[in-house]
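Asker: Can you build the whole structure from these sequences, using the hints too?
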Amino acid sequence: MEDLVRLESIVKVYPPVVAVDDVSVSFRRGEIHAVVGENGAGKSTLMKVLYGLVPRDAGRIFLEGEPVNFRGPEEAIARGIGMVHQEILLVREYTVWQNVVLGREPMRALGRMDEAEARRLVGEKIREFQLNLDPDAVVGDISVAARQKVEILKLLYRNVSVLILDEPTAVLAPQEVPQLFAELARLRDNGRTVIFISHRLDEVLALSDRITVMRRGRKIDTVQAAATGKEELARMMVGREVVFSSRRTPRTPGVVVCEIDNLSVRGAGGRERLTGVTLRVRAGEIVGVAGVEGNGQLELVEAIIGLGKPESGSIRVQGRDLTDEPILERRRLISFVPQDRGRMGASLGASIVENAIMTHHRLDSRFTRLAGLLLDLPFARRFAQRVREEFSVSMSSERDPFRSLSGGNQQKVILGRELLLDCPFVLLDQPTRGLDVGSIEYVHQQVLGVRDENRAVLLVSADLEELFLIADRIVVMHRGELVADLPVEQATMEQVGSLMLEGRARAS
Amino acid sequence: MTVLIGILNGMISGATPILLAALGGAFTYHAGMFNIAMEGMMLAGAFGGVMGSFFLHSWPAGILCAILASLVMALIFILFSVVLRTDEFVTGIALNLFAVGATTYLLRQTFHVKGVFAGPGIVAIPKVAIPLVDRIPLVGQILSGHNLLVYAAVLATLATSYLVFSTRFGLRLRAAGYNAACLDSSGVSTTRIRIHALLLCGVFCGLAGAFLSLGYVTLFAENMSAGRGWISLAAIILVSGNPWGIALISLIFGLFDGLGLLLQGSGIASQFTSMVPYIATLAALYVYSIRKKGRA
Amino acid sequence: MTRKILTGIAGILVALLIGALIMLAEGYRPLATYAALFQFSLFGLSPLATTLKNSVPLILTGLSASIAFASGPVNLGQPGQLAMGALAATLGGLFLHLPAGLEIPLLALLAMAGGALWSGLAALLRIAFAMSEFIVTLMLNMIADFFTAWIIAFPLLDPKAFSPMTRQIDRAGWLGEMGGFSGSVLFMAAAVAMSWFVFRRWRAGYEWRISGQNSLFARLGGCNIDRNFVSVMLFTGALAGLAGGLVVMGGPHRFLKGLGANYAWDGVMIAIVAGSGLIATLLYGLFFSAIQTGSLGMELITDVPSEIAQVLQAVLVLVIVAGREFVRTALDRAEARRQARERAA
Numbered sequence: 001m002e003d004l005v006r007l008e009s010i011v012k013v014y015p016p017v018v019a020v021d022d023v024s025v026s027f028r029r030g031e032i033h034a035v036v037g038e039n040g041a042g043k044s045t046l047m048k049v050l051y052g053l054v055p056r057d058a059g060r061i062f063l064e065g066e067p068v069n070f071r072g073p074e075e076a077i078a079r080g081i082g083m084v085h086q087e088i089l090l091v092r093e094y095t096v097w098q099n100v101v102l103g104r105e106p107m108r109a110l111g112r113m114d115e116a117e118a119r120r121l122v123g124e125k126i127r128e129f130q131l132n133l134d135p136d137a138v139v140g141d142i143s144v145a146a147r148q149k150v151e152i153l154k155l156l157y158r159n160v161s162v163l164i165l166d167e168p169t170a171v172l173a174p175q176e177v178p179q180l181f182a183e184l185a186r187l188r189d190n191g192r193t194v195i196f197i198s199h200r201l202d203e204v205l206a207l208s209d210r211i212t213v214m215r216r217g218r219k220i221d222t223v224q225a226a227a228t229g230k231e232e233l234a235r236m237m238v239g240r241e242v243v244f245s246s247r248r249t250p251r252t253p254g255v256v257v258c259e260i261d262n263l264s265v266r267g268a269g270g271r272e273r274l275t276g277v278t279l280r281v282r283a284g285e286i287v288g289v290a291g292v293e294g295n296g297q298l299e300l301v302e303a304i305i306g307l308g309k310p311e312s313g314s315i316r317v318q319g320r321d322l323t324d325e326p327i328l329e330r331r332r333l334i335s336f337v338p339q340d341r342g343r344m345g346a347s348l349g350a351s352i353v354e355n356a357i358m359t360h361h362r363l364d365s366r367f368t369r370l371a372g373l374l375l376d377l378p379f380a381r382r383f384a385q386r387v388r389e390e391f392s393v394s395m396s397s398e399r400d401p402f403r404s405l406s407g408g409n410q411q412k413v414i415l416g417r418e419l420l421l422d423c424p425f426v427l428l429d430q431p432t433r434g435l436d437v438g439s440i441e442y443v444h445q446q447v448l449g450v451r452d453e454n455r456a457v458l459l460v461s462a463d464l465e466e467l468f469l470i471a472d473r474i475v476v477m478h479r480g481e482l483v484a485d486l487p488v489e490q491a492t493m494e495q496v497g498s499l500m501l502e503g504r505a506r507a508s
Numbered sequence: 001m002t003v004l005i006g007i008l009n010g011m012i013s014g015a016t017p018i019l020l021a022a023l024g025g026a027f028t029y030h031a032g033m034f035n036i037a038m039e040g041m042m043l044a045g046a047f048g049g050v051m052g053s054f055f056l057h058s059w060p061a062g063i064l065c066a067i068l069a070s071l072v073m074a075l076i077f078i079l080f081s082v083v084l085r086t087d088e089f090v091t092g093i094a095l096n097l098f099a100v101g102a103t104t105y106l107l108r109q110t111f112h113v114k115g116v117f118a119g120p121g122i123v124a125i126p127k128v129a130i131p132l133v134d135r136i137p138l139v140g141q142i143l144s145g146h147n148l149l150v151y152a153a154v155l156a157t158l159a160t161s162y163l164v165f166s167t168r169f170g171l172r173l174r175a176a177g178y179n180a181a182c183l184d185s186s187g188v189s190t191t192r193i194r195i196h197a198l199l200l201c202g203v204f205c206g207l208a209g210a211f212l213s214l215g216y217v218t219l220f221a222e223n224m225s226a227g228r229g230w231i232s233l234a235a236i237i238l239v240s241g242n243p244w245g246i247a248l249i250s251l252i253f254g255l256f257d258g259l260g261l262l263l264q265g266s267g268i269a270s271q272f273t274s275m276v277p278y279i280a281t282l283a284a285l286y287v288y289s290i291r292k293k294g295r296a
Numbered sequence: 001m002t003r004k005i006l007t008g009i010a011g012i013l014v015a016l017l018i019g020a021l022i023m024l025a026e027g028y029r030p031l032a033t034y035a036a037l038f039q040f041s042l043f044g045l046s047p048l049a050t051t052l053k054n055s056v057p058l059i060l061t062g063l064s065a066s067i068a069f070a071s072g073p074v075n076l077g078q079p080g081q082l083a084m085g086a087l088a089a090t091l092g093g094l095f096l097h098l099p100a101g102l103e104i105p106l107l108a109l110l111a112m113a114g115g116a117l118w119s120g121l122a123a124l125l126r127i128a129f130a131m132s133e134f135i136v137t138l139m140l141n142m143i144a145d146f147f148t149a150w151i152i153a154f155p156l157l158d159p160k161a162f163s164p165m166t167r168q169i170d171r172a173g174w175l176g177e178m179g180g181f182s183g184s185v186l187f188m189a190a191a192v193a194m195s196w197f198v199f200r201r202w203r204a205g206y207e208w209r210i211s212g213q214n215s216l217f218a219r220l221g222g223c224n225i226d227r228n229f230v231s232v233m234l235f236t237g238a239l240a241g242l243a244g245g246l247v248v249m250g251g252p253h254r255f256l257k258g259l260g261a262n263y264a265w266d267g268v269m270i271a272i273v274a275g276s277g278l279i280a281t282l283l284y285g286l287f288f289s290a291i292q293t294g295s296l297g298m299e300l301i302t303d304v305p306s307e308i309a310q311v312l313q314a315v316l317v318l319v320i321v322a323g324r325e326f327v328r329t330a331l332d333r334a335e336a337r338r339q340a341r342e343r344a345a
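Read top to bottom, the protein sequences are chains A, B and C.
Taking the working numbering, the leading residue of the first sequence gets 1, the next gets one more, and so forth.
Taking the working numbering, the leading residue of the second sequence gets 1, the next gets one more, and so forth.
Taking the working numbering, the leading residue of the third sequence gets 1, the next gets one more, and so forth.
Keep in mind that the hints were calculated from the coordinates and are not lab data.
Treat the numbers as computed from the prediction; the structure is a model and nothing was measured.
Some chain A residues flagged as far from chain C (calculated, every beta-carbon gap over 10 Å):
1. P106
2. L110
3. V171
4. R188
5. R215
6. Q224
7. G313
8. D324
9. G438
According to the in silico footprint, chain C covers these stretches of chain A (three or more CB under 8 Å from chain C):
10. 327 to 341
11. 346 to 356
12. 369 to 381
Yeah, the Cβ is synthetic: ideal placement off N, Cα and C, and Gly gets one too.
Answerer: As structure tokens, this is what we get:
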């Protein structure tokens, strides 16, 4: 098996960060090669350089021994290299066949497309690779796993020999993964090369032939999958021993703090997104909400915090009915760390202190003077310093723009702001998404600490490992319904995965 | 009866510049751009039309110069918002103001007048009588005898519909608006598609401007586009860029424009009749917003 | 901060250069023209006073646009709000006869109320019916234009006038001069100071700014987005209205055709070129006023038509705004290359 693609001494800088630091790696014909590393290790950037999405600052790329320089994805695809991104890049309004042929449309006269021919070609490819898709289905209506298949199909239609997949399992339920792996193995046996970016070590070990580990922009090593194990890979990724077991000590929960009764939410387009959800969260306990994204978790969070109006049902915190209350009133009782830091949790352009005082500026009279008219800036700055100390935030000045902080530090500021509101109920939505292992550990520590302070925590997470690590109880969302409510000691990952995908536990 | 025919003819005339400009804007709308420079392109076109017609003594030259002037505006827009990646909103506003300033300045420089230039040397675009049709009683008087550009506008609507919905260019154009990143990663340059859309917009707005200064009336007045670019923008948004919807909305606005002229004769002060298209836009926006809210 | 000043100065120089090229193409002499331009606007107490007085509507409408853009609402209604403010002040000045010490502040307040009413209408339509304030304020501009045109031509027409205009307002409402400088400048300075204070030190201003940067975040943080929207629209409408009132009080002392001229659109341009920053709005407002004031005098000496000022302004806006982006990406790319070279070495 000779080298099909060789990357030599690649450097890519996003000032002041060196995203890819002198990395050399090669990929063979007919292999599945995983590139692993923490978030921010440079795996995605390296692949984007190969693919031509991003220009490199130094280094060379060889394809079949010849030096190449892709100035854009079109050139890479023309030479047989294709990439499926993590954020599925499809036109939701178009059908499967329209998406697949976009950019390479079969033509008729006068600039018209040959629709019949396009449908035929797409159908042929679907059958050839056993992908089980309907060419005329509208992409917006099919499942996430199916959309991923459309992306792969798009590349196969262009006859690529190298497929790069960026975190493909991030959007799938555990039970959908084997099907994807079977498809990838088929492609490998067919003679193609699959490059697979991930940070999920179990999957990587199960699927790949070889594994390259990256850390902080550098390549640590390339190893045979059969010759290594999870601990060794984790050590290479992080640089130190990583604890895989839970630090949670069992506790008896206290009084009920949050009562959600029969909550139903209708989404845009009239479809019911949440149906009859009933849930209790007690003081001193962490309830984890598991589920494949898009099964009602977002609607649940939005209903609790006050963004969406439920069709029926009620939400109570500490006995107070919040169902019709405006957001500000709810914030007296609910701390909220939202899913998307940049979009919902902060204003990236504002300064750190301006981000830190949000909500406090309304609920805590110490932040204002003259009956709430003026801001007390010195107090605000002192508060920002307090956040920095208590939550170990690494920053230069509180007046710096928020976006100058790293992802982990941004999340620490947000967490600090919310936890210092001293609310009895804490709502966390994907709090560790996009963070490095060190920051993830820190957040888990803080959340467990909040629980030990006898506050009630509702934690929504797509990361099953995380839920099993720190939650006391696990509930599962499926198609807008709560289909299970289990103490974590009585649940297994397979069982929960099954509930996530099918709505009921499969007899093992 | 003559009154009714007059109203309908006035409606068609009033609708034409809005329709042409809105069709041009539809291309950039589908491409996902926020293009508010139609006003400036139309104004430049109007000025170019007068220049070409006056100095080259022919209306085809006038139309050509109108298109060229509008394309110059489009090229400036391309330079700033596509190449230099300046914010589209900002570029649009600056371009509109530039168009006002430049045309006013050039008006003074070239013709040595302020405000209006209506010299006898401007060759107007002729009206066209369709043979046979013009002999049909009543209907013939409405369908035939309009300015050449009116018929061009009808053809333009057909052309736009075909381009946007039946060609490969149209598929890619709409993809640029739905998901530009996807289009780029499919190997088609979104930048290039958007440049084409802007150039098409320039051509159409040039025609709209030519109609204003060489068809509707035969003169150039400072700032004569008078907010029609904004109305065409409203039209595009109201029907989400559908060419036939745009035609309908343009006719409605043209109707109000014509009604305004009619009311003038009845003793209501002209200022109020001039307000009518803008109040109509507000009303249309109200209906649109209420419907949208109801659907949500 | 230094980057902003550098881009600004560089932009001005490039724009002046382009202007010079245009002048050369038309057969004029750029250096003499520019010399005349700045002589008539900045060199000397009288030119300076005139420039300052002319800057009042520019800076106030610029401020109106800047604060609105930075807080979320797209208020493009300054032309209409200026007109309604001027109308309100004129009405007050025609029918209220109080001593100057009371009349002047009252007329100023009426002007602000007039502007706020007009912008408040747009805010209401947005809150109640989800009608985009972008389009509504634009349409209201045209409606205000025609409405005021009617009022000065019919109900309030001065019978002795030869073109549509109202009678002059009560002498008590005439803004005089102090030491050569117009009283309107004082009002402007007070408005600027007040705006800065509200925007940067008040809790409301904090919420406005954050709402403008990320309204979802502000909403989740407990800010009342709708109420803030209305407050911003009223505040910025009042600023534009005040501009109109000051134009009437400090200038022709009556409402006549073409009162607002291009002030308000220039104000929007100034806000754009200033990146919605308050201090920058003030400075650019002064600069634009210098160009406009100077161009009138320049025409007397050098034959260059004063309209070139409009062209120069638009060129300046485009150059500076494009320059901002360009400089940023160029500097980032240079930095990336430098670091890459360091790594290789």
